[in-house]
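Asker: Residues per chain, in single letters:
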Amino acid sequence: MRYAMAVDTRKCVGCSDCVVACQTENNVPIGYCRDWVVEVTDGTYPQLEMEIRSERCNHCANAPCVRCCPTGASHIVEGGIVLVDSTQCIGCGACIASCPYDARFPHPKGYVDKCTFCEHRIKNGMSPSCVEVCPTKCLYFGDLDDPSSNASVVLKKRKYKTLIPEAGTDPQLYFLI
Amino acid sequence: MANRREFIKISLYGAGFLAAGTGTYKVIKALSKREKEEITKLAIDLKRTPTYCEVCFWKCAGWVYKTPEGKIWKITGNDEDQHCNGRFCPRGTGGIGMYYDEDRLKTPLIRTEERGKQVFREATWDEALDHIASKIKEISSKYGPESLALFTHGSGSAYFTSLFKAIGTDSIAEPSYAQCRGPRDEAFFATFGEEAYSPEITDIRDTKCLVLIGSHIGENMHNGQVQEMSDAIDKGTTIITVDPRFSTAAGKSKYWLPIKPATDMALLLAWIHEIIYNEYFDKKYVEKYCTGFDQLKAHVKDFTPEWAYGITTIKPDLIRKTAKEMADASPAVLVHPGRHVTWYGDDTQRVRAIAILNALLGSWGRRGGFYRPARFTPASPEIPAYKVPSKSWTDLFPGKFPVATSPISNALIDASIPENNPGFPIKGWFINGTNLIQTIPDQGKTLKAIQNLDLLVAVDTMPMEITGWADVILPECTYLERYDAMRASPHRKPALALRMPAAETAYNTKPDYWIARELAVKLGLGSYFPFEKQEELLDWQLKKIGSSLEEMQRVGVKNFDREYDDLYIADDEDVTIFTDSGKIELYSAYFKQNGFDPLPKYIPHEEPSEGYYRLIYGRAPMHTFSRTSNNPNLTDLMDENTVWINPKVAKEWGITNNQLIWLKNQDEVISQFPIKARVTERIRWDSVYMVHGFGHAQKQMKRCFGKGASDTQLITKVLEDPIMGGTGMRGNFVTFILEKTETEVAS
Numbered sequence: 001m002r003y004a005m006a007v008d009t010r011k012c013v014g015c016s017d018c019v020v021a022c023q024t025e026n027n028v029p030i031g032y033c034r035d036w037v038v039e040v041t042d043g044t045y046p047q048l049e050m051e052i053r054s055e056r057c058n059h060c061a062n063a064p065c066v067r068c069c070p071t072g073a074s075h076i077v078e079g080g081i082v083l084v085d086s087t088q089c090i091g092c093g094a095c096i097a098s099c100p101y102d103a104r105f106p107h108p109k110g111y112v113d114k115c116t117f118c119e120h121r122i123k124n125g126m127s128p129s130c131v132e133v134c135p136t137k138c139l140y141f142g143d144l145d146d147p148s149s150n151a152s153v154v155l156k157k158r159k160y161k162t163l164i165p166e167a168g169t170d171p172q173l174y175f176l177i
Numbered sequence: 001m002a003n004r005r006e007f008i009k010i011s012l013y014g015a016g017f018l019a020a021g022t023g024t025y026k027v028i029k030a031l032s033k034r035e036k037e038e039i040t041k042l043a044i045d046l047k048r049t050p051t052y053c054e055v056c057f058w059k060c061a062g063w064v065y066k067t068p069e070g071k072i073w074k075i076t077g078n079d080e081d082q083h084c085n086g087r088f089c090p091r092g093t094g095g096i097g098m099y100y101d102e103d104r105l106k107t108p109l110i111r112t113e114e115r116g117k118q119v120f121r122e123a124t125w126d127e128a129l130d131h132i133a134s135k136i137k138e139i140s141s142k143y144g145p146e147s148l149a150l151f152t153h154g155s156g157s158a159y160f161t162s163l164f165k166a167i168g169t170d171s172i173a174e175p176s177y178a179q180c181r182g183p184r185d186e187a188f189f190a191t192f193g194e195e196a197y198s199p200e201i202t203d204i205r206d207t208k209c210l211v212l213i214g215s216h217i218g219e220n221m222h223n224g225q226v227q228e229m230s231d232a233i234d235k236g237t238t239i240i241t242v243d244p245r246f247s248t249a250a251g252k253s254k255y256w257l258p259i260k261p262a263t264d265m266a267l268l269l270a271w272i273h274e275i276i277y278n279e280y281f282d283k284k285y286v287e288k289y290c291t292g293f294d295q296l297k298a299h300v301k302d303f304t305p306e307w308a309y310g311i312t313t314i315k316p317d318l319i320r321k322t323a324k325e326m327a328d329a330s331p332a333v334l335v336h337p338g339r340h341v342t343w344y345g346d347d348t349q350r351v352r353a354i355a356i357l358n359a360l361l362g363s364w365g366r367r368g369g370f371y372r373p374a375r376f377t378p379a380s381p382e383i384p385a386y387k388v389p390s391k392s393w394t395d396l397f398p399g400k401f402p403v404a405t406s407p408i409s410n411a412l413i414d415a416s417i418p419e420n421n422p423g424f425p426i427k428g429w430f431i432n433g434t435n436l437i438q439t440i441p442d443q444g445k446t447l448k449a450i451q452n453l454d455l456l457v458a459v460d461t462m463p464m465e466i467t468g469w470a471d472v473i474l475p476e477c478t479y480l481e482r483y484d485a486m487r488a489s490p491h492r493k494p495a496l497a498l499r500m501p502a503a504e505t506a507y508n509t510k511p512d513y514w515i516a517r518e519l520a521v522k523l524g525l526g527s528y529f530p531f532e533k534q535e536e537l538l539d540w541q542l543k544k545i546g547s548s549l550e551e552m553q554r555v556g557v558k559n560f561d562r563e564y565d566d567l568y569i570a571d572d573e574d575v576t577i578f579t580d581s582g583k584i585e586l587y588s589a590y591f592k593q594n595g596f597d598p599l600p601k602y603i604p605h606e607e608p609s610e611g612y613y614r615l616i617y618g619r620a621p622m623h624t625f626s627r628t629s630n631n632p633n634l635t636d637l638m639d640e641n642t643v644w645i646n647p648k649v650a651k652e653w654g655i656t657n658n659q660l661i662w663l664k665n666q667d668e669v670i671s672q673f674p675i676k677a678r679v680t681e682r683i684r685w686d687s688v689y690m691v692h693g694f695g696h697a698q699k700q701m702k703r704c705f706g707k708g709a710s711d712t713q714l715i716t717k718v719l720e721d722p723i724m725g726g727t728g729m730r731g732n733f734v735t736f737i738l739e740k741t742e743t744e745v746a747s
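Each protein sequence line maps, in turn, to chains A and B. Position 156 of the first sequence, counted from 1, bears residue number 156 in this note's numbering, the numbering being contiguous throughout. Position 581 of the second sequence, counted from 1, bears residue number 581 in this note's numbering, the numbering being contiguous throughout.
For the record, the hints were derived by calculation from the structure and aren't laboratory data.
Result set (BS3-like, lysine-lysine): computed pairs, CA atoms no more than 25 Å apart in a straight line: (1) Lys159(A) to Lys254(B); (2) Lys123(A) to Lys47(B); (3) Lys235(B) to Lys157(A); (4) Lys66(B) to Lys109(A); (5) Lys254(B) to Lys161(A); (6) Lys123(A) to Lys66(B); (7) Lys254(B) to Lys137(A); (8) Lys493(B) to Lys543(B); (9) Lys157(A) to Lys254(B); (10) Lys235(B) to Lys156(A); (11) Lys235(B) to Lys161(A); (12) Lys71(B) to Lys109(A); (13) Lys137(A) to Lys493(B).
Which bits of chain A does chain B cover? Going by a derived footprint, with three or more residues having C-beta under 8 Å, they are: (14) 40-46; (15) 129-139.
Distance ranges between label pairs, derived from CB positions: (16) Trp36(A) to Asp328(B): 32 to 42 Å; (17) Ala158(B) to Cys68(A): 52 to 62 Å; (18) Gln672(B) to Gly43(A): 29 to 39 Å; (19) Gly524(B) to Trp36(A): 50 to 60 Å; (20) Met1(A) to Ala379(B): 47 to 57 Å; (21) Lys448(B) to Glu119(A): 58 to 68 Å.
It should be emphasised that the depicted structure is a prediction, and the values quoted were computed from it without experimental measurement. Virtual Cβ for every residue (Gly too), placed ideally from N, Cα, C.
Please put together the full structure from these sequences, using the hints given.
Answerer: Below you can see the structure in the form of structure tokens.
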């Protein structure tokens with residue numbers, strides 16, 4: 001099993017609903033977020049292009065954050081989901097420094113926090129809350145080992161890219177272009 | 001045409017709509033599979049209650065989930081709801097912050113010093129309402145009940161409207177008319193005999209070509225439309241966006257027309273010219289349903305793409321190509337009517353041009369254009385007839401705005417200033433759910449009007465600027481703490497949605513229904529509110545259709561089958577069109593009768609002088625204007641606005657990204673707070689752009705006080721629409737102040 005997410009940059013309007021839905025679903029304290037929106041504009045008026053991306057932890061197959069964690073708090077569970085065990089985390093921040101995507105943050109309770117792909121929901125057969133809420137339906141989630149999953153189907157159909165592939169982390173967040 | 005206003009009201013509930021309370025409608029579906037799963041899987045001791053959202057007017061129906069401790073956990077969409085299809089927008093998801101905002105109004109307050117100083121004392125509800133009742137009686141006996149005006153917005157409007165009609169006034173204004181959608185409604189009434197409704201009856205779902213004139217779907221988070229536009233992008237639908245700003249929608253469009261601001265009319269006329277003179281129009285449709293084609297054809301003869309190029313800066317071949325795209329998609333083409341259309345003062349005429357374009361393309365009443373709405377109207381209890389006011393809002397300024405079908409908020413404000421010589425004076429304002437200071441342009445005038453009032457009451461959840469000017473502040477509870485009238489908006493299918501309390505009422509706040517009824521009782525008008533509690537009325541209404549409050553609490557939304565299979569006009573169908581001629585009026589005899597151009601004309605608008613830039617404003621997807629600017633969840637997503645400046649302009653001024661600057665308008669008004677510059681290619685060099693609703697001057701709203709700048713403060717010049725009284729707000733120009741001098745800081 002290999003969970004992944006595809007983000008359709010052509011449909012995303014950057015409304016940040018994914019951010020607030022994640023915050024309420026996962027009780028992320030106000031002032032912090034596990035996912036966020038990036039807008040990139042290229043060109044000179046009026047020859048312009050814009051890409052909008054909803055970003056989060058890439059749940060890398062080769063995750064530097066897991067490798068550098070001194071306590072084993074950062075770990076990988078079934079489906080390749082990268083998680084932090086808050087009881088084992090000492091908040092040293094090594095993982096934060098090692099993440100090329102800046103996907104982790106120090107939770108005010110003293111541990112490091114990040115996107116879990118809503119593991120508590122997917123193990124019950126539901127989608128991550130960001131996927132479920134997105135008004136533009138630009139987020140596709142699923143198991144890449146299952147060719148019929150939403151993520152597999154859309155990645156087969158569309159061109160995509162990953163972010164900072166040169167970091168060699170094998171990210172599992174795909175951006176449809 | 002004396003009865004036109006009444007006629008339109010009747011036509012809204014006439015043919016095409018379902019009659020009330022016949023009890024035979026089949027419920028299409030109750031609980032969806034996903035929702036059932038969600039309940040069984042997540043439930044520990046979890047409770048969820050239905051609501052429909054009050055963060056904006058779209059009113060999506062959803063579920064409020066609570067933790068076992070009873071704290072609100074999250075709000076999600078109801079799968080059965082046509083407004084949201086199970087997906088709330090960021091504002092709806094963050095609606096939770098309206099409840100938990102610690103800056104909320106907490107108890108009734110009565111002013112103890114003169115207006116302008118915010119000195120209040122806490123009062124009981126009884127005391128506050130007694131005070132208001134006695135003032136209302138005093139004004140009624142001294143000036144007549146028509147001297148009381150209601151300014152209202154949102155779900156509470158129904159109850160306060162009822163109350164004020166019972167008191168004997170029809171000066172009941174929603175700023176959403178004259179400050180927003182009014183020109184569109186009148187243009188559509190004049191052309192099609194019907195408005196564009198709310199939610200709009202735009203069939204984006206099935207369109208092959210979507211044309212947006214300054215409409216920034218995706219930044220305006222009008223949920224159903226954003227969803228349908230996203231589906232349209234998926235399907236490869238042609239999108240044409242006309243905007244001086246590279247909006248989010250422009251970024252997703254096949255064609256972006258970076259038009260020179262204030263020249264949209266020229267583009268629309270050139271498109272009409274192209275569509276007529278290339279015989280692109282839907283001939284059968286125009287012949288059967290439209291009138292005035294020959295006059296229109298003659299009128300647009302000279303409005304060629306070359307003519308429009310000189311005005312709009314849009315190249316003729318692009319005008320031609322986009323006209324052809326529309327024609328190729330016809331009738332599944334939608335030239336979107338927009339929503340906030342009060343721009344330049346000729347707005348009714350501009351939207352008339354949009355309506356005409358749609359008519360020529362045959363999109364009104366057709367799949368992929370405008371569908372025909374259906375609505376379920378719940379039964380109304382018997383109440384005494386409302387007194388006919390001896391003087392009406394139309395007598396305030398006789399002869400002005402003859403086409404307006406709703407009271408005009410800014411005209412009521414004008415009538416509160418004696419030197420404007422109104423037909424009768426407005427002496428009392430009751431304001432519900434609208435922050436007039438940030439809503440109505442020309443703040444100086446609003447403040448002057450306030451000084452002439454004998455009573456100003458503000459009902460709100462938050463200490464907005466307007467509450468600071470009130471004599472009595474009534475804190476209403478949020479939508480998460482109350483029942484309200486069922487949502488029964490028109491849509492593809494008739495539907496009802498329930499709102500019920502999800503949480504304990506916080507502080508000493510009350511629902512609008514309770515406030516309106518208590519006040520009615522104190523005024524001896526209790527018979528207009530025969531049910532003591534909202535929920536009793538709801539149960540009575542639902543039992544009339546074989547349902548009950550208990551059932552609605554479980555399902556939240558009920559969709560009904562349409563009475564007839566008439567979502568679109570069938571081929572060659574004879575349909576009733578509610579205009580005078582019974583036809584779609586390309587040429588408006590009604591406008592002509594009232595002294596207005598029967599066909600839209602291009603009028604050049606004032607341009608910015610050297611060193612000044614046109615002030616354009618809009619929405620951000622995570623805020624509903626000033627209503628949400630202190631919401632803790634939503635300020636976390638965006639806590640201030642920025643002013644967008646083209647890099648060429650920024651370079652000339654030496655302005656860098658994130659630099660704090662002040663804006664000064666043509667009338668020397670300087671923004672009260674500095675605003676961060678956003679240097680971006682996404683805006684034309686002759687304009688600047690900012691999101692509306694920031695720059696709050698009310699200290700009690702701690703999160704948003706002084707964050708960003710208020711565009712309303714800078715909109716001192718109002719371009720009044722002579723047809724319906726709309727306040728055009730895009731004729732203001734600003735320049736930059738990089739450092740404030742001492743005197744400027746002091747002022």
